[in-house]
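Visitor: Line by line, the protein sequences are chains A and B.
With the working numbering, the residue at position 137 of the first sequence is 137, and numbering never jumps.
With the working numbering, the residue at position 64 of the second sequence is 491, and numbering never jumps.
Because the hints were derived from the structure by calculation, they are not lab data.
What you were told as hints is all true, and nothing was included just to trick you.
Ranges between beta-carbon positions, derived for each pair: (1) 522/B x 345/A: 51 to 59 Å; (2) 479/B x 117/A: 55 to 63 Å; (3) 571/B x 375/A: 45 to 53 Å; (4) 571/B x 277/A: 18 to 26 Å.
Restricting the straight-line Cα-Cα distance to at most 30 Å, the calculated cross-link-like pairs of lysine-lysine (DSSO-like) are: (5) 346/A x 118/A; (6) 364/A x 91/A; (7) 131/A x 213/A; (8) 377/A x 321/A; (9) 521/B x 150/A; (10) 521/B x 181/A; (11) 118/A x 181/A; (12) 170/A x 181/A; (13) 187/A x 521/B; (14) 346/A x 91/A; (15) 521/B x 131/A; (16) 145/A x 521/B; (17) 406/A x 93/A; (18) 161/A x 194/A; (19) 86/A x 537/B; (20) 521/B x 86/A.
Facing chain A, a subset of chain B residues (Cβ under 7 Å, in silico): (21) 606; (22) 607; (23) 608.
Backbone N, C-alpha and C define an ideal beta-carbon position, used for all residues, glycine too.
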Amino acid sequence: MNVICVTRAGLSAAAAFAALTFAASPAVAQAKKDATPAAKPAAPAAAPAAPAKEEEPFWAVGRPKGDATKSMAPVPAFPIPTTADKLPIAKIKLPPGFKAEVWASGILDARGLRQGDKGTVFVSSLFVAGKIYAVTDKGGKREVKTIAEKLMLPNGIEFHKGALYVATPKDITRYDDIEAKLDNPPKPVTVYDKLPGDVPHGWKFIKIGPDGKLYVPVGAPCNICEPPATHAQIFRMNLDGTGVESVVKGMRNTVGFDFHPKTGELWFGDNQRDWLAEDMPIDELNRVTKTGQHFGFPFCHSGMMTDPQFGWGKDCKDYVKPALLIGAHAAPLGMRFYTGKMFPAKYHNAIFLTRHGPWNRTQKYAADVVAVFIDAKGNAKMEPFLTGLVENNGYLGRPADVLVMKDGSLLVSDDHNGAIYRVSYGK
Amino acid sequence: MTETAPRSVRRVGVFPARACLLAAMLLVAAATPALGQNAAKRADACFACHGKAGQSQTPETPSLGGQPAFFVVAQLFLFREGRRANAPMTAAAKGLSDDDLRAFAELIGKLPPPAPPAQAGDRARAARGRALALERHCAACHNSDFSGREQMPRLANQREDYLLKAMRDYRSGARVGYGNAAMPEAMAGLGDADLRDLAHYLAHLSAGK
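Produce the complete structure using the sequences and hints provided.
Guide: Here you go:
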């Protein structure tokens, strides 16, 4: 059945027709006809003006009609974490010499990972739990505490000088001396409360750079649109919330970035738009060489294609090309440069990058951790590292962040199961 | 949060409201025994408001028949975590274990889906509702027959007054969705007449559509 869609203007007459393409603008209608040859051409209903604001869920704008896309809605985690005995640990594949074990489980919606000076592992969550957790290691057994709850999309966390920073779409707060107060966390101090607060791509990944500043993205508040001047950027600020400045422009939605241990350069993943095609655009890993660079959104995607709606009159040459294309809809999330000593030398200063796995693609893939190797010139290539979590076109688990532990092992969070795995090398 | 006891219950339903609240309190009081042991007793507390055969006779209280398991678990989870502003359900879900959530989902999964209302719907209203549903791509998530799947509920033959209330609450932000912001955004820009027509259409769906 072709799902028909009409605007308010053409409601009465057009509703009777079997198939009409949704036309936000003539360019979009044309692009859609080209992109979806199965759709019949639009009947001569009055062509509507482009809507001033989106009427569908932001992530659905551009979605083609028809049953092919029926199974593509965002995939939230189940509200109950998977019990330890049911975790897909036996399915995980790693390069020779590496092994994976369950490090902690029962952590609903486990996402971001940071480690305190005393070894506490802090874990954030996003769509389901609204909590921040603290995991302590008591003689080999992990104990999970909830240190904050009922927060709005609190994906972003960072640890610095004894304090835990928590970032939501609206604000950044700080819990001082947190490791000494896990059972009775202090009231958080407000660091910055003027973030735009949009839900679409408003959730955060935050990190303090080698310059001592806090890096905070503000994603594009849409699937595809011309973003306001306040959005689609990575900002940095002093730790007291002053001195906010824009570092990166043309960024759609980054949920993971880190700073090269030698060059200090910022490398960030960028989730590209949905509802364009199964295999385009391709998600990006970008390298920042100076402030004020524009990485393409919404005009140019993946360094290679101008957007069918917003790219007219634009040239991809005018925007910074990605350092690496990491897979269509693969969904890069948390990433870290490996600075440990446990893994073989080839991984030194490589990036471990999580790919959450697509929702906006019929064939599921990724849901893994890749290793990205960068040469002296900044050229990057990637290799599979932790795989095995895609089965029967579904996910057994979905990595969301990594953390290099003091002993050089690598923690990997899996929000799909509410678990954290530990990857080690050697004995 | 503006979700309160249903207006119509407060106006009219002395018996239903009191029975529902009492049932919810009984459920809380019986929280200690494992769900498996006392499933029948605890389920009776649900049925007091939601109806025994999957079909609710209580104003603004949804029919549970035909609801996908993930959806049931997700909503009970939201009630348990205090994330939905609904006093009787928050009381009913308080202290439920994760196993309880699963057990309820299984129990509810056995209920037959609600039947269409005896009285046929207003054809013009249903046609307007159908057009709106197509415009908003409701079927892309809720299925072309609105039977629901995963975390997305069955809408077909749900109580019309409940559908209207739910849509109003999503639109105003009084109700949060599970796991994403899809529902508030799907409702954005719709007028109250639109919501009434949508609710009418979905409540009166028949097998042949």
